[in-house]
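> One-letter residues, chain by chain:
There are 2 protein chains.
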Amino acid sequence: MAFEKVTREQDYSKWYNNLVEDADLAQHSSVRGCMVIKPYGYAIWEKMQAELDRRFKETGHENAYFPLFVPKSLFEAEEKNAEGFAKECAVVTHYRLETDPDSEGKLRVDPNAKLEEELIVRPTSEAIIWNTYKGWIQSYRDLPILVNQWANVVRWEMRTRLFLRTAEFLWQEGHTAHATKQEAIAETDQMVRVYEEFARNILAIPTIMGHKTESERFAGADDTLCIEGLMQDGKALQMGTSHFLGQNFAKAFDVKYATKEGKLEHVWATSWGVSTRLMGALVMSHSDDEGLVLPPNLAPIQVVIVPIYKGLDQLEAVTDKMDPIIKNLRARGISVKFDIRDTHKPGFKFAEWERKGVPVRIAIGQRDLENGTVEVARRDTKEKNTYELTDIENKIENLLALMQEDIYTKALNFRDNHITLVNTWEEFQEVLENKGGFISAHWNGTTETEEKIKQATKATIRCIPFDNPQEDGVCVFSGKPSKERVLFAKAY
Amino acid sequence: MAFEKVTREQDYSKWYNNLVEDADLAQHSSVRGCMVIKPYGYAIWEKMQAELDRRFKETGHENAYFPLFVPKSLFEAEEKNAEGFAKECAVVTHYRLETDPDSEGKLRVDPNAKLEEELIVRPTSEAIIWNTYKGWIQSYRDLPILVNQWANVVRWEMRTRLFLRTAEFLWQEGHTAHATKQEAIAETDQMVRVYEEFARNILAIPTIMGHKTESERFAGADDTLCIEGLMQDGKALQMGTSHFLGQNFAKAFDVKYATKEGKLEHVWATSWGVSTRLMGALVMSHSDDEGLVLPPNLAPIQVVIVPIYKGLDQLEAVTDKMDPIIKNLRARGISVKFDIRDTHKPGFKFAEWERKGVPVRIAIGQRDLENGTVEVARRDTKEKNTYELTDIENKIENLLALMQEDIYTKALNFRDNHITLVNTWEEFQEVLENKGGFISAHWNGTTETEEKIKQATKATIRCIPFDNPQEDGVCVFSGKPSKERVLFAKAY
Numbered sequence: 001m002a003f004e005k006v007t008r009e010q011d012y013s014k015w016y017n018n019l020v021e022d023a024d025l026a027q028h029s030s031v032r033g034c035m036v037i038k039p040y041g042y043a044i045w046e047k048m049q050a051e052l053d054r055r056f057k058e059t060g061h062e063n064a065y066f067p068l069f070v071p072k073s074l075f076e077a078e079e080k081n082a083e084g085f086a087k088e089c090a091v092v093t094h095y096r097l098e099t100d101p102d103s104e105g106k107l108r109v110d111p112n113a114k115l116e117e118e119l120i121v122r123p124t125s126e127a128i129i130w131n132t133y134k135g136w137i138q139s140y141r142d143l144p145i146l147v148n149q150w151a152n153v154v155r156w157e158m159r160t161r162l163f164l165r166t167a168e169f170l171w172q173e174g175h176t177a178h179a180t181k182q183e184a185i186a187e188t189d190q191m192v193r194v195y196e197e198f199a200r201n202i203l204a205i206p207t208i209m210g211h212k213t214e215s216e217r218f219a220g221a222d223d224t225l226c227i228e229g230l231m232q233d234g235k236a237l238q239m240g241t242s243h244f245l246g247q248n249f250a251k252a253f254d255v256k257y258a259t260k261e262g263k264l265e266h267v268w269a270t271s272w273g274v275s276t277r278l279m280g281a282l283v284m285s286h287s288d289d290e291g292l293v294l295p296p297n298l299a300p301i302q303v304v305i306v307p308i309y310k311g312l313d314q315l316e317a318v319t320d321k322m323d324p325i326i327k328n329l330r331a332r333g334i335s336v337k338f339d340i341r342d343t344h345k346p347g348f349k350f351a352e353w354e355r356k357g358v359p360v361r362i363a364i365g366q367r368d369l370e371n372g373t374v375e376v377a378r379r380d381t382k383e384k385n386t387y388e389l390t391d392i393e394n395k396i397e398n399l400l401a402l403m404q405e406d407i408y409t410k411a412l413n414f415r416d417n418h419i420t421l422v423n424t425w426e427e428f429q430e431v432l433e434n435k436g437g438f439i440s441a442h443w444n445g446t447t448e449t450e451e452k453i454k455q456a457t458k459a460t461i462r463c464i465p466f467d468n469p470q471e472d473g474v475c476v477f478s479g480k481p482s483k484e485r486v487l488f489a490k491a492y
Numbered sequence: 001m002a003f004e005k006v007t008r009e010q011d012y013s014k015w016y017n018n019l020v021e022d023a024d025l026a027q028h029s030s031v032r033g034c035m036v037i038k039p040y041g042y043a044i045w046e047k048m049q050a051e052l053d054r055r056f057k058e059t060g061h062e063n064a065y066f067p068l069f070v071p072k073s074l075f076e077a078e079e080k081n082a083e084g085f086a087k088e089c090a091v092v093t094h095y096r097l098e099t100d101p102d103s104e105g106k107l108r109v110d111p112n113a114k115l116e117e118e119l120i121v122r123p124t125s126e127a128i129i130w131n132t133y134k135g136w137i138q139s140y141r142d143l144p145i146l147v148n149q150w151a152n153v154v155r156w157e158m159r160t161r162l163f164l165r166t167a168e169f170l171w172q173e174g175h176t177a178h179a180t181k182q183e184a185i186a187e188t189d190q191m192v193r194v195y196e197e198f199a200r201n202i203l204a205i206p207t208i209m210g211h212k213t214e215s216e217r218f219a220g221a222d223d224t225l226c227i228e229g230l231m232q233d234g235k236a237l238q239m240g241t242s243h244f245l246g247q248n249f250a251k252a253f254d255v256k257y258a259t260k261e262g263k264l265e266h267v268w269a270t271s272w273g274v275s276t277r278l279m280g281a282l283v284m285s286h287s288d289d290e291g292l293v294l295p296p297n298l299a300p301i302q303v304v305i306v307p308i309y310k311g312l313d314q315l316e317a318v319t320d321k322m323d324p325i326i327k328n329l330r331a332r333g334i335s336v337k338f339d340i341r342d343t344h345k346p347g348f349k350f351a352e353w354e355r356k357g358v359p360v361r362i363a364i365g366q367r368d369l370e371n372g373t374v375e376v377a378r379r380d381t382k383e384k385n386t387y388e389l390t391d392i393e394n395k396i397e398n399l400l401a402l403m404q405e406d407i408y409t410k411a412l413n414f415r416d417n418h419i420t421l422v423n424t425w426e427e428f429q430e431v432l433e434n435k436g437g438f439i440s441a442h443w444n445g446t447t448e449t450e451e452k453i454k455q456a457t458k459a460t461i462r463c464i465p466f467d468n469p470q471e472d473g474v475c476v477f478s479g480k481p482s483k484e485r486v487l488f489a490k491a492y
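Read top to bottom, the protein sequences are chains A and B. Residue 1 is where the first sequence starts when you use my numbering, and the numbers rise one by one after that. Residue 1 is where the second sequence starts when you use my numbering, and the numbers rise one by one after that.
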């Protein structure tokens, strides 16, 4: 596949789509709205998974697995949740195919194999999980339950985009049960902070933590916390959510526990998740017109070494020089690819690894051999420098750490420069139109105003940030009194 | 849940079901045929996954992810494969629910949201993957493709058993594409050997590698290799398969590559998989009437320490003594649980950890503190010994290694004692009825005879072992000439 050269400036959306395919991250499949995650893209997702999974376990969670299907009667038990997802449910109605008598070699659905009750392919697992927890919880001794699941879910989408919005996606969903409201709220808070720290230190993406407004809440939640990132085109992306579910699911599934005092009480719940959407956030936060830019902490290949040589003798000389260095780098946990393919020229290789976002490229040719040097190129800044081989392993390790920081700082500066305080409706529209990013503005707190602003501008309230300063003001839209600013943005 | 005391002798099947639930491995869900894998069971599965994944990567494979759904027209493209799975397919026909006007608060399938083409929930992914590979393969430079997927699959089963046979199960499926027949056959062979080594060294289960007969082959394969284990009740269990798919899928999906010489050739394929069925094999190979027995290499908790004390002072003294030991054990990569729950008595804890198969239990009471000793109990043999604390970490580490070996050796001896050579039909029936296990017998090589033996005895040919000695004989059933013995058994 040739990389169709479209810059972010020219067409951000096309740039994104091309990049995802050309960097071998993912592609569309022949199933409407479902993607194929290619090996290189999946390797990045695996790194995200490993980092998240470690954090979940460190905070006391265990993994488990619940069924893909939810019987319709369970699905509809928590009404708000069911209503929220009903319009995007894939439904299994039959369990057998048969030979099509009208068409040789073809199959058709066997009409005699209709299910008595339809099965919903999980769009989220609260229903099936709370129906299970009912059997796990009798007394306070059984609480808390701190479980996470890595799974695929399906939400039928009409307009899909690779990673950002697909009918099937991969995610993790934590589902916890607690004896007290206070404990459940603390868990909800803890997990959104885990996401924020992960986004910051691993994805190198600064995010803003806050509460969703009522209209943007998860269906069935009493409160939804989120992390919001800002993409290079000035649009926001919801990167993770953590829901305080109150006793809604416990009531819908009649899950009670005996307290120490012997009273029966409904259990308190949370759920929290991030998905392969993070891959989209990653691409859109750091990449450039040449392709993917990966923070070193997520790169499946952190260092690529491209030898420049003529003939096997020269290759052997380069290999002899680099072999111990590669070994030393790997011993430090740095993943290194020594690209000795003889089917491609160095220029081709440079472009390929640039497109795929490998953080550090080392080129070594004959003159380098003579001088005891290599050429080191940073993917993020495209800076090239000649390094002496002495102590090269330390230099590379330090460079990777520096790049991780620099990529984060660049994204942070961009984000901070794109939080604009506005005080009038004219300003609001003007900033939204010409600058983009987050707009910090007063809002009168009603769903009605929020909806009108959305209708007028497509901007939504991304969140009410944690520790939001309280100040008197007037709503930019309605002119009514307001106690705090909230963050608006156009969003993915 | 109380552990219902049923011995293997009394009712092997009930013993198995109870154990799986009472050791907190899995349970039935409210979805017909689908199970919930509980945290403790899932932790064991994660260990299996990590060990397998490492082996796949070491043999050059990468992970990727393909859609859950297969459009019917793709599914039916490879006819034998489609025919083989048609009768057990869950089918998605609709993509939306709507409010049921006849029933308040209920939902129904929206008749206006019928899919133009039905989607099959993947029972296996050859079809969707080969349809994707078509776009990945142009020339010999694109080969081989060595991809694995960790995923859930659905095969509708009427009679299900936890782990052994469930409608939804978790598995890995490798799908590789090669330029030559020879290379594909070598890959098929390599992967069954990876499974055998994994079963031996990690699961501590000896397996026999061999070829399936034509009638037991994977639908769409030219050859199926397998590993067959023997359970304690004398029944065999197919634990993994590796298929040489010839050019069947390449032809069905028209996948050709340009050779170095510029000719167009169909690509050669393999697929190979193991599933959560391995959890069933694990339980049935080693466990006893008291519960699960885990080989140390798979145990989420390898060592449990149960303090025996009265009052906080005594607990503190025990804790002071054990803390550095726990730290040292963990530094060696040994997972240790220090069970200081004050809600349960030591006897309860002993029974619980025994039921859950924790390999080594260390008990320490006041007299031990005075003597500088602990009591160490092995789960597999139930042997108890007093150990002096001097150098205890080494002793425990060595004990775990020894137990891994002993558990394997025990299973190996059992297996070897249950391979019986028989030469007559009477003997065949007698051994099958009274002794069970593998029966090594001559067979005339026809599907017809194989089928008749199955009808008469429920025994099937488990495999034709690798490096099977060639010897003249007569088929035990038909009396016709035979060139080699094959392995029969009743199987799960």
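These are computed hints drawn from the structure, not numbers from a lab. For each residue, glycine too, the CB sits at the ideal point set by N, CA and C. Just to be clear, a hint being listed does not mean it is correct.
On the chain A side, residues computed to face chain B include the following (Cβ under 7 Å) [claimed, not checked]: (1) Cys-34; (2) Glu-76; (3) Ala-90; (4) Val-92; (5) Asn-131; (6) Leu-264; (7) Lys-327; (8) Phe-414; (9) Lys-435; (10) Ile-464; (11) Phe-466; (12) Gln-470.
> Does each hint hold? Answer for all of them.
Structure-based check of all given hints:
Given hint, Cys-34/A at the interface with chain B, holds; its Cβ is 4 Å from that chain's nearest Cβ, closer than 7 Å. Because the closest C-beta pair between Glu-76/A and chain B is about 5 Å apart, less than 7 Å, the hint holds. Taking 7 Å as the C-beta cut-off, the interface hint given for Ala-90/A holds, the closest approach to chain B being about 5 Å. With a cut of 7 Å, the hint placing Val-92/A at the interface with chain B holds, because the nearest CB-to-CB distance is about 5 Å.
Restraint check, Asn-131/A versus chain B: the minimum CB separation of about 6 Å is within 7 Å; hint holds. With its C-beta approaching chain B no nearer than about 19 Å, Leu-264/A sits outside the 7 Å limit, and its interface hint is violated. The beta carbon of Lys-327/A is not positioned within 7 Å of any beta carbon in chain B (closest approach about 17 Å), and the interface hint is therefore violated. With a cut of 7 Å, the hint placing Phe-414/A at the interface with chain B is violated, because the nearest CB-to-CB distance is about 31 Å.
Interface hint at Lys-435/A: violated, since its Cβ lies 37 Å from the closest Cβ of chain B, which is beyond the 7 Å cut-off. With its C-beta approaching chain B no nearer than about 31 Å, Ile-464/A sits outside the 7 Å limit, and its interface hint is violated. For Phe-466/A, the interface hint is violated, since its Cβ never comes within 7 Å of a Cβ in chain B; the closest pair sits about 31 Å apart. Taking 7 Å as the C-beta contact cut-off toward chain B, the hint placing Gln-470/A at the interface is violated, the least distance being around 40 Å.
Checked against the numbered hints above, the structure violates hints 6, 7, 8, 9, 10, 11 and 12; every other hint is satisfied.
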